[in-house]
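Novice: Since the structure of chain Y is already known, use the hints to place chain H on it.
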Amino acid sequence: MDLRYSAEYEAFRAELRAFLAEHWTAEDKAAVPAPDEGSVAASLGANNRTDERATAFRLKAIARGYLYRHIPARYGGSEQPPDALKASIIAEEFRRHDAPFEIMSQGPAMLAPTLIEKGTETQRQRFVRDTLLGKITWCQGYSEPGAGSDLASLRTKAELDGDHWVVNGQKIWTSNAQEADWMFALVRTEPDAPKHDGITYMLIDMRSPGIDVRPLRQMTGEADFNEVFLENVRVPRDSIVGERGKGWQVSRSTLKHERALIGSPTFARRIFDGVVMMAQGIEIRGRRAIDDPVFRNRLVELEARLLAAEYNGLRLLTTSARGSDPGLAALVPKLHSSTLGYDVSRLAMDLMSDRGCLYPGEPNAPAMGLFGRAYMWYFGMALGGGAPNIQRNVIAERGLGLPRDARR
Amino acid sequence: MDFGLSEEQTLLQDTIRRWLEGECPTTRVRAIMESATGHDPELWRGLAELGVAGLVVPAAHGGTGLELLDAALAAEVLGWCCTPGPFLGATMAAVALLEGGDAAAQAEWLPRIASGDALVTFALGEGLGQWDAAQLASRVVGGRLSGEKPLVPYGDVADAIVVAAQDETGPGLWIVTRGAAGVSHTTLRVFDMTRRVSMATFDGAPAVKVASGRGAIDRARDAGLILVAADAFGGAARCLDMTAKYSLTREQFGQPIAAFQGVKHQLADLACDLEPSRSLWWYAAHAFDHLPEKSERHAALAKAHMTDVYDRVARYAIELHGGIGFTWEFDLHLWWRRAVFDRAFLGEAAWHRERAAALAGW
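In order, the protein sequence lines correspond to chains Y and H. Going by our numbering, the first residue of the first sequence is number 2, and it counts up by one from there. Going by our numbering, the first residue of the second sequence is number 645, and it counts up by one from there.
Source of the hints: derived by calculation from the structure; they are not laboratory data. For glycine and all other residues, C-beta sits at the position ideal for the given N, C-alpha and C. Any given hint might turn out to be false.
Over the 12 Å line for every Cβ pair with chain H, so calculated as not near, a few chain Y residues [unchecked claim]: (1) 130; (2) 161; (3) 164; (4) 167; (5) 210; (6) 216; (7) 244; (8) 334; (9) 377; (10) 398.
Among the chain H residues that face chain Y by a calculated CB cut under 7 Å, a handful are [claimed, not checked]: (11) 647; (12) 923; (13) 949.
Bound conformation, chain Y alone (with noise of 0.2 Å):
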């Protein structure tokens, strides 16, 4: 055990930060305004600006060997060997200089791998750098009313008609269609194969006739996702990833990369020193809340909890840079910090005193309401990628060996 890092690694470290400073200057900060304070885009930084500075800027960190390591050049990625401690210490410094990094939505984080792994050359060459780069995004086809937990029951269908696939159906919890080029979705060609077989991952043009997107407002108010309805959507015949009838395991692969994305605690962090600072700045009658022994303690409580998910991802660092096998360590990060981050919100509330009543953003909420937008955000997160009850049946399955629950 030693958590210095050497001195390639140290070395490593240097030259990113020259290049950051160096690239990333304080007039690319400042050439685009500041997201709300407290919104999901402010949580995110720089990391989803895809103006042409942050592409500039991500396509020289690219040929530096920084950003989307994994993929191939020809493809618009940087091709490094796998090392973990290098990742690790990219994200960090991104981070900390807030420089414009591998953007975190779907397109980047779950079509791309799985194009590199199931697509056509010619999907792989029309669609990877694009959207790696933001100018191409993408929205997620994959839940549909009577179809969440149980995916694979999913009804919306596409026949074949000469050289199109007509679509017909209905998804929801679509985050970004508005917004979204295109839609990797699950639907089923094969109507009389058994449920898990008749599905084919299809990409679909958002700009298609037929289309209907209608936004669903969410208990937070905002509407970041979507029902989007499909009526005789004529999409071509080579617009499938994977064999028809194929698509629940070409899916398979990209919701292990959405669950590796939802799983780090680095929100859970920021919170929580939030939530530090607000205790130290904040009376009750007349006595600061930091100095109050229940709130004293239960941060102490939750900072455990905070340390215990950070250092599980250090370890989790080292298993894959020694390839071996995490075990249970990579199967809880998620439920985990899900649970944590609404627990530090709620403690949030609480400091808040009588005034944790008030909507965010009221002028006398402490730290403008800051933390009750986090508090009903962590449902979102809790939720996403897989209810709650999935992740505990998948811990106890392939974590601790109990039996699978009875499919149908």
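Specialist: Relative to the frame of chain Y, chain H by itself:
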């Protein structure tokens, strides 16, 4: 950057575990816990031969010469196996002597601690919950110790006790040997019969000073907190393992109870609480060895957190076993008893959390 165990560390754990599985199954655990002293010198000697008694003792003094992390890894295995004996107090005593820096005392005691020839334990806590070196009431005047230590691990069978007390210069450490005049022990009944404590009363007992200041006392306390956290992890992991296995064999309504989501999800939640916390005590142990500025706070955090988790896991493990889990014959309560000890000994979770808050400058 490497946050994982070395091959030697994995081997150390495997070796101890395999030896204990052969030598100290729960039948022997029960025999020891039902004995008068709760101490089985033969078992302790066997562990000493494996190097367990002297893990932190330098090779020059006949020990294994490893770090606290290695001792904590051993504590995890002892927790997993529910092994009775004086490991905790003996390791705290060794740390205290090492940190105290008294060469004569080290030469006299460390080799005998490492070989298992002498059972040396550590006495710190006083009154109700007082484990702060600066608040100790025990006094040494002219080489004579007076005071009361209500919770001394294996104090009644120890060959020597490293006692934290104060003299005219403030806190320090003294050694009191077995049979010294003015020392009396009251053997106490404990929930956890695999880790005994006695009350020691000193009435002008001859005591040899081995350390000045609170530094060595605090280091020994932090070592103890981390060892308790590791024991708690090992015990909790064993409770979870036993329960998962039991749920696969126990059938009700025509199927193993492991097939019920009510059971699966409870076990998954316990695994979710438990697994990441392994990294917390690993880190605390590593900080004790290498990151002095983080050491004290992480020891407090790890102890408080792990003993909470242990309590929760042991509780649900018993519940998930049904009636059999509540019987004397079934072994599960032995681990629950250890959870009770781990939570209480060295101070309750809320106090350590308060210390952690203060150490953060909050």
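Novice: Each hint should be assessed against the structure and marked as holding or not.
Specialist: Status of the hints after comparison with the structure:
Every CB of chain H is more than 12 Å from the CB of residue 130/Y (nearest about 32 Å), matching its label as outside the interface. The Cβ of residue 161/Y lies farther than 12 Å from every Cβ of chain H, with a closest approach of about 40 Å, so its non-interface assignment holds. Residue 164/Y, annotated as away from the interface, keeps every beta carbon of chain H farther than 12 Å; the closest lies near 46 Å. Every C-beta of chain H lies more than 12 Å from that of residue 167/Y, the closest at about 39 Å, which supports listing it as non-interface.
The non-interface label for residue 210/Y is consistent with chain H: the shortest C-beta to C-beta separation is roughly 44 Å, beyond 12 Å. For residue 216/Y, the requirement that its beta carbon stay farther than 12 Å from each beta carbon of chain H is met, with the minimum near 33 Å. Separation of residue 244/Y from chain H is adequate, the least Cβ-Cβ distance of about 34 Å exceeding the 12 Å criterion. With a least CB separation of 7 Å from chain H, residue 334/Y falls inside the 12 Å interface cut-off, contrary to its annotation.
Residue-level check passed: residue 377/Y sits 22 Å from the nearest beta carbon of chain H, beyond 12 Å. Its closest Cβ contact with chain H, about 8 Å, brings residue 398/Y to no more than 12 Å, contrary to its assignment away from the interface. Hint on residue 647/H holds. Least Cβ distance to chain Y is approximately 4 Å, under the 7 Å limit. Look at residue 923/H: its Cβ gets to within about 3 Å of chain Y, closer than 7 Å, so that hint holds up.
Among the interface hints, the one on residue 949/H holds; its C-beta lies about 4 Å from the nearest C-beta in chain Y, closer than the 7 Å criterion.
Going down the numbered hints, you'll see the structure goes against 8, 10, while the others check out.
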